[in-house]
Amino acid sequence: MPTIQDIEIPDSAARNAAVIEELPDFQDERMVLNMGPSHPATHGVLRIVLELDGEVITKADPDVGYLHRGDEKIAENMTYTQFIPYTDRLDYLAPLANNVAYALAVEKLLGIHDKLPPRCQYIRVMVAELARISAHLLGLGAFAMDTGAVTVFLLLFTEREKIYNLAEAISGARFTTSYTRIGGVMRDTPPNWCDQVRQFCKEFIPALNEVETLLTRNRIWVDRLRDLGHISKEMAIDYGLSGPNLRGSGIEYDLRKNQPYLCYKDLEFDIPIGTVGDCYDRYMVRMEEMRQSVRILYQCLEKIPGGWKNETHEPVNVDDGKIILPPKEKVMTKMEELIHQFMLVTEGMNCPPGEIYFGHENPKGELGFYICSKGGGVPYRLKIRSPSFINLSILGELLPGAMISDVPVILGSIDFVMGEADR
Amino acid sequence: MNSLEQAGKLKEKFGDLISKPTEFRGDVSVNISDAEKISDVCEFAKKILGFDYLADISSLDNYGDEPRWTVVYHLRNLKKGNEIRLKTDVSEEKSKLPSVIGIWKTANWHEREIYDMMGIHFRGHPDLRRILMWEGYPYFPLRKDFPLAGKDSEMPGVAFSKPSPMEGGPFVTVAGGNSAQAREPRIRIPETDSIETMSHLERRKDIQETHGHPKGPGPIEKK
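Quick note, the sequences are listed as chains A and B, same order.
For the first sequence, position 136 matches number 136 in my numbering, and the numbering has no gaps at all.
For the second sequence, position 59 matches number 482 in my numbering, and the numbering has no gaps at all.
Because the hints were derived from the structure by calculation, they are not lab data.
From the three backbone atoms N, C-alpha and C, an ideal C-beta is built for every residue, glycine too.
Wrong hints could be hidden among the right ones.
[Claimed, not checked] Straight line, CA to CA, 20 Å or less: simulated PhoX-like cross-link-like pairs of lysine-lysine: (1) Lys585/B x Lys73/A; (2) Lys460/B x Lys432/B; (3) Lys470/B x Lys436/B; (4) Lys528/B x Lys59/A; (5) Lys503/B x Lys233/A; (6) Lys233/A x Lys265/A; (7) Lys585/B x Lys374/A; (8) Lys510/B x Lys233/A; (9) Lys460/B x Lys265/A; (10) Lys233/A x Lys528/B; (11) Lys470/B x Lys257/A; (12) Lys374/A x Lys567/B; (13) Lys73/A x Lys574/B; (14) Lys257/A x Lys502/B; (15) Lys233/A x Lys470/B; (16) Lys567/B x Lys73/A; (17) Lys233/A x Lys502/B; (18) Lys503/B x Lys265/A; (19) Lys528/B x Lys470/B.
[To be verified] Over 12 Å on every C-beta distance to chain B, these chain A residues come out as not near it, computed from the model: (20) Asp61; (21) Pro62; (22) Glu72; (23) Met235; (24) Asp238; (25) Val276; (26) Ser405.
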């Protein structure tokens, strides 16, 4: 055992090396390390089987499925509306965005996706962008905490709390919102909701600036993120990455721009892209996306039909009794509304036979729903294309060559949610 | 060039292998009659037509129909933004088709998931293991003949599964049922798909045991 004096004398390293040479040869010894399924840096129940040569990873095999609940099987056994609460539990950091994605998919099947009232479209865009900010905040906070910057996590959670309050005001629930309905939304915005959103936007940008001063030019942060987890353009496309991970590699593809849905084509925003595709680029893309989301929110507040308090009584649901539940007071007094209510609750809306695929730009990437309908109120098959699942598949190629202490950084930069990956 | 024209080009190249393109809600889809050719078609779509991005692979169980499986590919051209859906049928005896992992690496996990959930094999896949369920689980849960409540399975020391009690829900709805009762969301027994509750079934079992006849000797007495 070397003493302190041994270490302090200049040639101690050479002496230690000589000692190691006399030991049996460990050069090709590989160690298998199980990271997860319960590890703070894996953000949920992801297990990675790492094969190590010293501290360098030689092979990585991500193992998912610990949170599998069979959402696709469950969806085949209930009406389209009944499945909405299950979508809250996919990407549970952005339930509002999942609700919007699912509602749009079923509306595409029904053929009413371009007939949505303008106010409904604006409300949906607003909640989806709030969800994007909320998801990126948590992703970034956890990312920074795993890299060693705990302050960022706490700072960002103050802002997330405000988004939870906004979600509670509009839907009644902070976490499991179930806010959208097929053909509309659960209810119009409460009278002072738009004021609160504006207030949030005003306070959010300074908070984000503060976080940027902590991270963006921080020497430790930059050193740990730069030139790590490099994903080239070709690799990103080959592995089917989507969202900030795809754009971080320099591919300008955003479903909000390239296949515009809702009112995104009337709104002005930029698509941030990275240049080299390392962890730092993905971090910067997420930072800029939050700023662009605030930009979208400001435009929505300005343009929302009916204004902040909806004094002109703009509708928020499609005008179709066979899709949207009638108002309760009419159910009790009118025959037709009573029948509609009864049919919608017992059988669900009557969807035409056919199949559609709809991809929505969720915070984590493209959340797609492939629905195969044979008619009636229940999907025959509902496949969820979850961005986290696909984004994780690249780990097997991304991790080898990196050090063990880089794993939390790479995982944080990929930003996944296991609730969505395992469905 | 829109998706329909692209589908026309596919048909030009492969002839009878490709069905007439259909369009529904703006989604263009074509059927490929021979599943063995799927990798050739995909390669042509990627290299010549520019569908460089595989968005999704999904599978359908046409239970009670022949061929039983349908595998569905969603391809996208990132530059032009247009999409095409390729579908191909696979029979139950065969349950096998070529993998497209050589064309897109993202197919790796998609195909593992389909194998895990439906039990369709992919020839040429380097690592066809279960992905969401654990290694050694004996069933394929997304098949239509697998009950919603689940089945008994046991792997000592690894994992086990038991059917969930369905009393009180989930309230299952059946698409396009003949009677209003069949269409309504009710508690159902997965094996028989009847609308009886579990307590009915248990009671009938008791009667069968005591009287040797499912209906019993007369009016059912309360215990």
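Task: Hint check, failures only - done: Of the numbered hints, 6, 7, 8, 9, 11, 20, 21, 22, 23, 24 do not hold.
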